[in-house]
Amino acid sequence: MPPSPPIESRSVPVPPSTAGGWIVPGRPAGRELVGEILELPRTLRSHADLLKGGLSRELSARFRGSALGFGWVLLTPLALFAIYAFLFTRVLGLRMGPDAPPAAMGVYMFIGTLAWSGVAEGIARGTSSVLEGRNLVSKLRFPAELLPIQAALASLIPTVCGLALFALAASFSSLWSAPGARLLWAPVVLFVQLLLTAGPALALAAWHVRLRDTAQVVGVALTVAMFATPIFWVASPELLPGIEPLLGWIEANPYHHLLQCWRAVLMGDQPAVVFERTDFYSSLGFAAACGALSCAFGLAVFLRGRRELADEV
Amino acid sequence: MKSQLAIETRGLGKCYRSWASPTQRILAGLTAGRHGRCTDHWALSGVDLELPRGSSLGLCGANGAGKSTLLKVLAGTTSPSAGAYRTSGRVAGLLELGAGFHPDFSGRENVLLNGILLGHSRREVTARIGEILEFAELEDVADAPVRTYSSGMAMRLGFAAALGLEPEVLILDEVFAVGDQRFQKKCVDRLLAERAAGRTILFCSHSLYDLRAMCDEALWLRDGRVAVSGEVATVTNRYAAWQEERGNSANSVASGPDEWPRITGIAVRDTAGEALTEVASGDSIEVHISWVNSERRPIQIGLGFMRQDHVLCAALGTQFDGVQLKGTSGTCVLRLPKLALLAGTFRLVGYLFDGDGLHRYQERIADEDLVVNNATKEVGLVRLDHDWELTSGETDDEHGAAA
Numbered sequence: 423m424p425p426s427p428p429i430e431s432r433s434v435p436v437p438p439s440t441a442g443g444w445i446v447p448g449r450p451a452g453r454e455l456v457g458e459i460l461e462l463p464r465t466l467r468s469h470a471d472l473l474k475g476g477l478s479r480e481l482s483a484r485f486r487g488s489a490l491g492f493g494w495v496l497l498t499p500l501a502l503f504a505i506y507a508f509l510f511t512r513v514l515g516l517r518m519g520p521d522a523p524p525a526a527m528g529v530y531m532f533i534g535t536l537a538w539s540g541v542a543e544g545i546a547r548g549t550s551s552v553l554e555g556r557n558l559v560s561k562l563r564f565p566a567e568l569l570p571i572q573a574a575l576a577s578l579i580p581t582v583c584g585l586a587l588f589a590l591a592a593s594f595s596s597l598w599s600a601p602g603a604r605l606l607w608a609p610v611v612l613f614v615q616l617l618l619t620a621g622p623a624l625a626l627a628a629w630h631v632r633l634r635d636t637a638q639v640v641g642v643a644l645t646v647a648m649f650a651t652p653i654f655w656v657a658s659p660e661l662l663p664g665i666e667p668l669l670g671w672i673e674a675n676p677y678h679h680l681l682q683c684w685r686a687v688l689m690g691d692q693p694a695v696v697f698e699r700t701d702f703y704s705s706l707g708f709a710a711a712c713g714a715l716s717c718a719f720g721l722a723v724f725l726r727g728r729r730e731l732a733d734e735v
Numbered sequence: 020m021k022s023q024l025a026i027e028t029r030g031l032g033k034c035y036r037s038w039a040s041p042t043q044r045i046l047a048g049l050t051a052g053r054h055g056r057c058t059d060h061w062a063l064s065g066v067d068l069e070l071p072r073g074s075s076l077g078l079c080g081a082n083g084a085g086k087s088t089l090l091k092v093l094a095g096t097t098s099p100s101a102g103a104y105r106t107s108g109r110v111a112g113l114l115e116l117g118a119g120f121h122p123d124f125s126g127r128e129n130v131l132l133n134g135i136l137l138g139h140s141r142r143e144v145t146a147r148i149g150e151i152l153e154f155a156e157l158e159d160v161a162d163a164p165v166r167t168y169s170s171g172m173a174m175r176l177g178f179a180a181a182l183g184l185e186p187e188v189l190i191l192d193e194v195f196a197v198g199d200q201r202f203q204k205k206c207v208d209r210l211l212a213e214r215a216a217g218r219t220i221l222f223c224s225h226s227l228y229d230l231r232a233m234c235d236e237a238l239w240l241r242d243g244r245v246a247v248s249g250e251v252a253t254v255t256n257r258y259a260a261w262q263e264e265r266g267n268s269a270n271s272v273a274s275g276p277d278e279w280p281r282i283t284g285i286a287v288r289d290t291a292g293e294a295l296t297e298v299a300s301g302d303s304i305e306v307h308i309s310w311v312n313s314e315r316r317p318i319q320i321g322l323g324f325m326r327q328d329h330v331l332c333a334a335l336g337t338q339f340d341g342v343q344l345k346g347t348s349g350t351c352v353l354r355l356p357k358l359a360l361l362a363g364t365f366r367l368v369g370y371l372f373d374g375d376g377l378h379r380y381q382e383r384i385a386d387e388d389l390v391v392n393n394a395t396k397e398v399g400l401v402r403l404d405h406d407w408e409l410t411s412g413e414t415d416d417e418h419g420a421a422a
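These protein sequence lines map, in sequence, to chains A and B.
Take the numbering used here: the last position of the first sequence gets the number 735, and nothing is skipped along the way.
Take the numbering used here: the last position of the second sequence gets the number 422, and nothing is skipped along the way.
If you're looking for bench data, these hints aren't it; they were derived computationally from the structure.
Glycine included, every Cβ here is placed at the ideal spot set by N, Cα and C.
Mixed in with the good hints, there may be bad ones.
Label pairs and their calculated CB-CB ranges [what the hints assert, rightly or not]:
no.: 1; chain 1: B; residue 1: G138; chain 2: A; residue 2: G641; range: 49 to 55 Å
no.: 2; chain 1: B; residue 1: S140; chain 2: A; residue 2: A504; range: 45 to 51 Å
no.: 3; chain 1: B; residue 1: G138; chain 2: A; residue 2: F649; range: 43 to 49 Å
no.: 4; chain 1: A; residue 1: G442; chain 2: B; residue 2: T167; range: 41 to 47 Å
When the alpha-carbon atoms are kept at most 20 Å apart in a straight line, the in silico EDC-like pairs for lysine to aspartate or glutamate are as follows [unchecked claim]:
no.: 5; chain 1: A; residue 1: K474; chain 2: B; residue 2: D388
no.: 6; chain 1: B; residue 1: K345; chain 2: B; residue 2: D375
no.: 7; chain 1: A; residue 1: K561; chain 2: B; residue 2: D375
Covered by chain A, according to a simulated footprint, are these stretches of chain B (three or more residues, beta-carbon under 8 Å) [to be verified]:
no.: 8; region: 39-50
no.: 9; region: 126-133
no.: 10; region: 143-153
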């Protein structure tokens, strides 16, 4: 709701629209908003350098002053995997059913954790990205939507490194069977993950600028979502008998489908119990559709209020 | 289709809204603005402005009058709340010194970022980056993060980055505030060159001197509205007069009631008492400075000759010569026999100091600049009083004595 101008200035003849290069107040709506959303690929292309620079800076900032540096991106998932494999297969002796290989539970959790932590980190960092980038937003004509998108992109890097490491380890050791031809789908799954991260990040970033409680809510919601999404447990009534009535809800969760896709890509289709209720292509399709929708929604929310951001941060 | 106007605004207004509390804001969001307590502050309203290409406009006005807001809107960093504006050509804004730089990016990256945000391609910026860093004198630290820069260095980088890509429209907010004298001068020279090259310049300053030096036209903003606009001398004089009336001259360091001593006029006359604006080097002139001092505070009066490029060529003062000013008002006549200044246009700046010559009550610029023409062929700033003595080659005796 734009404030109404003081009475005296209303009498001035003012160009009513953006035609002729006039810049007028108000939020973009309808066709104008769609136009701005469709502008995104061009913005991304013209600012590709900035994004690249921002990503490398973010990574180097994260590991600045550490001796191992980028090695931590690889070491963290490696340690995770070792812990999971040891704890769940050796110590607890958990098995995904009688036919499943012994490492299955560890691999299942490992892949879920890696992908989810990427999503969660991207959303959390994306939410606060605009406020943290206030120097850019308020002092320059900076396309602020790049900030949450950059956060989402950055969050993919540890996921990619960890999953690539797993694929390598599985191919060259006896830990797990080598991933099959479905590995070729990995870039697509990664893109879907980007959509599912950037969409919420955009909307939440825009809200966070106006209401600083948003980041707190997001923090709690992400924790809830981590347990509500099958990461440490399997959505199978065979393994978790109490889960039956909740299955409908679980299957409406796009992040569940995203994780299932990652697992299908990296684990093959075994153990069957993990995949009996999902089909790779329909999961991917559902996750992709949700991702595209969330991005469209996030961009619409973000771009609608973008012009006011500079005054709010 | 390029408009002849670089900047055009119609009823431009900017409102800042503050909410009584975050809860009120949520309430407003949920009820589409029907509820929720907030207060609107119109920092700018009803500004109509037409700035032709190649012109330079200065903004003056008291603190909080909306100068910076106007510049921010026109530079595109914030959006208007009412009215409309359009700009043509690339607009580079230098709004706050050192701002707009990402502290973690290196100087080089920041220049690149700036250029890309201005709509240049990476290649165009890369081609000029050396030149920009050279102007900023930061080649040695170009790859260090900007947060390690001193404020002066960041200022230099900002200035160089804004000017280095040859924007068609330059928007500058109080840029002469920091930086050492030498670099300030470099900036002024560069700006004058840019102006001569036909760029459009819009800038705001509290220094009426800078405004007059840089601009053809000026606009005085008062409480977010245009009070007066037009020729720079007229506008700045009216603004200065209003400030003096308010007893709160931004031109002077002090603020206070009407009773502060002040200079009421500066006039150049010849020895016969005729008003002058153009003299020849070597002429004898008088500068009449009228003052009032109703509370009989101890005061001293000074006069500076400032060349157009900010070089203070000479400054004289009663405190240096042990002259006492008595009474509640008067005119002191500064006699300058055989003016030593060579050709140039000089701005006369009257200073009113306290009794010790330390605190400046007021700095007043004469309405008319003093134009000096050469009667002789010497070049330089001043013609030193001199004569030549010739000695033959055999003696070592050197006398280039001054008379």
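Verification of the supplied hints:
{"no.": "1", "hint": "G138(B) <-> G641(A): 49 to 55 Å", "result": "violated (38 Å)"}
{"no.": "2", "hint": "S140(B) <-> A504(A): 45 to 51 Å", "result": "holds (48 Å)"}
{"no.": "3", "hint": "G138(B) <-> F649(A): 43 to 49 Å", "result": "holds (47 Å)"}
{"no.": "4", "hint": "G442(A) <-> T167(B): 41 to 47 Å", "result": "holds (45 Å)"}
{"no.": "5", "hint": "K474(A) <-> D388(B)", "result": "violated (54 Å)"}
{"no.": "6", "hint": "K345(B) <-> D375(B)", "result": "holds (15 Å)"}
{"no.": "7", "hint": "K561(A) <-> D375(B)", "result": "violated (43 Å)"}
{"no.": "8", "hint": "39-50", "result": "holds (count 5)"}
{"no.": "9", "hint": "126-133", "result": "holds (count 4)"}
{"no.": "10", "hint": "143-153", "result": "violated (count 0)"}
Checked against the numbered hints listed earlier, the structure breaks hints 1, 5, 7, 10; every other hint is satisfied.
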